Amino acid sequence: MLAALLAGPLGKAELARALGRNRPSGQLHEAVRRLVQRGAITPTIPEKPNSRLQKYRLTTAGKRLRRT
0 MLAALLAGPL GKAELARALG RNRPSGQLHE AVRRLVQRGA ITPTIPEKPN SRLQKYRLTT
60 AGKRLRRT
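Take the sequence shown: its position 10, counting from 1, is numbered 9 in numbering that gives the first Met the number 0, and each next residue is one higher.
Keep in mind that the hints were calculated from the coordinates and are not lab data.
Fair warning: there could be bad hints in the mix.
As the list claims (entries may be wrong) - Derived DSS-like pairs (lysine-lysine); straight-line CA-CA distance at most 30 Å: (1) Lys62 - Lys47; (2) Lys11 - Lys47; (3) Lys11 - Lys54; (4) Lys11 - Lys62.
None of the values given here were measured: they were computed from a predicted structure.
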């Protein structure tokens, strides 16, 4: 998932496709939530966390985490 975000911000549906899925699953939603809590990714619209336009971008911490 972190590798997919290297190209730029992606929404959950785009992340699902990058991972070979047709649509976001509960596991994907949970993984995104955990990565946001860890500071590895950040939402592009933080004031509207449930927006259908929400995308996620990789943070500096996420780039470091990806390298390990």
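Against the structure, the hints:
no. : hint          : verdict
1   : Lys62 - Lys47 : 24 Å, holds
2   : Lys11 - Lys47 : 15 Å, holds
3   : Lys11 - Lys54 : 7 Å, holds
4   : Lys11 - Lys62 : 19 Å, holds
Violated hints: none; the structure is consistent with every hint.
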